[in-house]
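J.: Listed here are the chains, written in short residue letters.
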Amino acid sequence: MLRYVARRLLTAIPVLWIIVTITFFMMRLAPGGPFSRERVMPAEVQKMIEERYHLDEPLVKQYFRYMGNLLRGDLGPSFRYKDRSVNEIIAAGLPTTLQLGSLALLFALLVGIPAGCLAAFRQNSAVDYAAMSFSMVGVSVPNFVVLSTLIYFFAVKLKILTVSGWGRWDQMICPVVALGLMYSAYIARLSRAGMLEVIRQDFIRTARAKGLPERLVIMGAAILTGSLIIETISGVPGIGREFVNSALNRDYTLTIGTVILYSGFLIIFNLAVDIVYAFLDPRIVYE
Amino acid sequence: MAEPVLSVQNLVTRFHTADGVVRAVDGVSFDLMPGGSLGIVGESGCGKSVTHLSFLGLIPQPPGKIEGGKALFKGKDLLAMKPGELRKVRGNDIAVIFQDPMTSLNPVLKISLQMTEGMMIHKGASRAEAEARALELLRAVGIPSPEKRFHDYPHQFSGGMRQRVMIAMALMCEPAALIADEPTTALDVTIQAQILELIQKMRKETGVAVILITHDLGVVASVCEDILVMYAGRVVESAATGPLFARPLHPYTFSLLRSIPRLDAERKERLFSIPGLPPDLIHNPPGCSFNPRCPFAVKRCFSKEPPLTEIGPGRKVACWVDIESKKERAT
Ligand SMILES: Nc1ncnc2c1ncn2[C@@H]1O[C@H](COP(=O)(O)OP(=O)(O)OP(=O)(O)O)[C@@H](O)[C@H]1O
Ligand SMILES: [Mg+2]
Chain A
0 MLRYVARRLL TAIPVLWIIV TITFFMMRLA PGGPFSRERV MPAEVQKMIE
50 ERYHLDEPLV KQYFRYMGNL LRGDLGPSFR YKDRSVNEII AAGLPTTLQL
100 GSLALLFALL VGIPAGCLAA FRQNSAVDYA AMSFSMVGVS VPNFVVLSTL
150 IYFFAVKLKI LTVSGWGRWD QMICPVVALG LMYSAYIARL SRAGMLEVIR
200 QDFIRTARAK GLPERLVIMG AAILTGSLII ETISGVPGIG REFVNSALNR
250 DYTLTIGTVI LYSGFLIIFN LAVDIVYAFL DPRIVYE
Chain S
0 MAEPVLSVQN LVTRFHTADG VVRAVDGVSF DLMPGGSLGI VGESGCGKSV
50 THLSFLGLIP QPPGKIEGGK ALFKGKDLLA MKPGELRKVR GNDIAVIFQD
100 PMTSLNPVLK ISLQMTEGMM IHKGASRAEA EARALELLRA VGIPSPEKRF
150 HDYPHQFSGG MRQRVMIAMA LMCEPAALIA DEPTTALDVT IQAQILELIQ
200 KMRKETGVAV ILITHDLGVV ASVCEDILVM YAGRVVESAA TGPLFARPLH
250 PYTFSLLRSI PRLDAERKER LFSIPGLPPD LIHNPPGCSF NPRCPFAVKR
300 CFSKEPPLTE IGPGRKVACW VDIESKKERA T
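From first to last, the protein sequence lines are chains A and S. So for the first sequence, numbering that gives the first Met the number 0 puts the first residue at 0; every next one is plus one. So for the second sequence, numbering that gives the first Met the number 0 puts the first residue at 0; every next one is plus one.
No lab work stands behind these hints, which were simulated from the structure alone. Cβ atoms here follow ideal geometry from the backbone N, Cα and C, with glycine treated the same way. Take these hints with a grain of salt, some might be off.
[Claimed, not checked] If you only want the chain A side, here are some residues facing chain S, beta carbon under 8 Å, derived: (1) Asp201; (2) Gly210; (3) Ile274; (4) Ala277; (5) Asp280.
[What the hints assert, rightly or not] Calculated lysine to any residue pairs in the SDA-like style (CA-CA distance at most 25 Å, straight line): (6) S:Lys64 - A:Leu117; (7) S:Lys87 - A:Pro281; (8) S:Lys64 - S:Thr16.
[As the list claims (entries may be wrong)] Here are a few chain S residues that sit away from chain A, every Cβ distance over 10 Å (derived from the structure): (9) Ser43; (10) Glu66; (11) Gly74; (12) Leu78; (13) Met80; (14) Gly90; (15) Ser103; (16) Pro106; (17) Gly117; (18) Ile120; (19) Pro242; (20) Leu256; (21) Leu307; (22) Glu327.
Pulled out of the complex, with its shape left as it was, chain A reads as follows (with noise of 0.2 Å):
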């Protein structure tokens, strides 16, 4: 197992590579730059700034330069951020980031688990309607909205909850809620599904037959069923992806950076789940 992880993560260093390369040249390609703006700068100061961010130089010779800085860690000052670094920025908002997308799926997953396997096992029954429709709901209302209606009830209307800001649970409800809402509904119905394809299994049909009490029976369905989930989860879409509006800025090094550490997250968190499958589905055996 452990030499599965390392060959992994060693097999993660050209992926990283190349998509750093291909995120270079894509960003380098595609027509505007950091400065280009409607106002027309002075010439003079214009070369001032690509001096200051090497933008004159030939296009390999700054991908080399870009490279050697990552190399030892570096990410570059950010274009559109003055006096910043990239590691500053990403360091600033990092934690909150994962705090958010991490409390938020873990929201997700104690409801919509719960909510499918509970679906699944009352099928067409109002429990399942209701599940099903409020995930249809959860999965089509976009989260803004979601966080406002929940902001609007809770912190303006009851006072019971704070407007904004992050650290305290009172502020960080909202905003935890609203996004996991969304994956909830997603895993409701992926739980909802893999269950349902579980349920229909012989082995269900031994586990009643024995006289199990209906909650070992679904237990012993719901472990199978979580490596079914655990399978498609990574598909689940969105986490860090607010990461990456700073392509649209053309903030060429905070968006490679970004792009890096989105990678980064993925690659990690791919192999966490597949090493979370091993464990939950004895017939998978790395080597």
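Given the coordinates of chain A, assemble chain S with the ligands onto it according to the supplied hints.
T.: Below, chain S with the ligands without anything else, positioned relative to chain A:
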């Protein structure tokens, strides 16, 4: 005479589907004696599985519905029991082995857990007690060095071994009755014989009464004392094994026997197969449901369903015709 462990009387089970009402089990009755062995034979889809799944409370409801009858286990009607009571009978007093050992065990749980959980729940046994019993049974069913295999997962066993595990698992709580629903269908022929032998051996050793469900008359012949032949949701003939093989009374049984390959048959003869298909159980034409395929059918067979009638000691048949004289029976 001893009381039967299980007495099923006029069981009727239907499935209310979008296509119509499926009359899966239509008035089935039988008695299973303590330590006895009863074979239930019939083509695929004739209601063999639904029969036992019904009185064990294992059919999906809806669409399934048990619409009549009784199933007395030691005098108590299983069909009248609350789900909780019936659950205490399942696996504890009546155990089931299913057809496909590859899919009948939970792939993500160890054999040790799957074998012991029933006994811990039904008998309140400790883990250690249950594991000791499980190991003893695994040895009895012929798993070599069970201590080593005990904590393995199902996929680490072969099909035949898994079916042995299933048998051991079924016997954990010392049930009074064991229902084996096509326990050998999914296995290689050589393994089939071993599994049947094992069921026989366990029956002799533990005194458990066995219901063996199969579509193969050859299988029941070697294992069962009594045979029930089912066709289209009904019992068409019941008898002790010897007399049934020597002198089948129902045209369907007669045809089934003719379609068993025989070692002493002439080589040039083609193996007999029953013409036509079993009826679907939704659109029941009037009369006997075997009439389209029956070589002996007379006019009455197309208008009136023959009831299961006792026509000799221990012999019941549902047919208007005496197939030996080819004459209609006097009623
Ligand atoms: N859940 C269900 N919904 C609708 N019809 C069903 C359902 N389960 C079984 N049936 C019908 O009940 C009839 C009897 O099925 P059953 O499984 O008892 O057959 P069987 O004799 O055990 O056949 P096999 O040898 O293939 O196991 C079949 O016609 C089947 O289509
Ligand atoms: Mg069956």
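J.: Hint by hint, note whether the structure agrees.
T.: Going down the list of hints, with the structure as the test:
1. Asp201: OK, holds: Asp201 of chain A within 8 Å of chain S, min 4 Å.
2. Gly210: With a closest approach of 3 Å, the Gly210 of chain A hint holds.
3. Ile274: Ile274 of chain A check fails; min Cβ-Cβ to chain S is 16 Å, beyond 8 Å.
4. Ala277: 11 Å, violated
5. Asp280: 6 Å, holds
6. S:Lys64 - A:Leu117: 23 Å, holds
7. S:Lys87 - A:Pro281: 30 Å, violated
8. S:Lys64 - S:Thr16: 11 Å, holds
9. Ser43: For Ser43 of chain S, whose nearest Cβ neighbour in chain A is about 17 Å away, the distance exceeds 10 Å, so it holds.
10. Glu66: Answer for Glu66 of chain S: holds, closest chain A Cβ roughly 22 Å.
11. Gly74: Check passes; 20 Å lies beyond 10 Å.
12. Leu78: 17 Å, holds
13. Met80: With a cut-off of 10 Å, Met80 of chain S remains clear of chain A, as the shortest Cβ separation is near 12 Å.
14. Gly90: 3 Å, violated
15. Ser103: 5 Å, violated
16. Pro106: 6 Å, violated
17. Gly117: 4 Å, violated
18. Ile120: About 7 Å separates Ile120 of chain S from the closest Cβ of chain A, which leaves it inside 10 Å; violated.
19. Pro242: 33 Å, holds
20. Leu256: 31 Å, holds
21. Leu307: 28 Å, holds
22. Glu327: The assertion about Glu327 of chain S holds, with a minimum of 44 Å to chain A.
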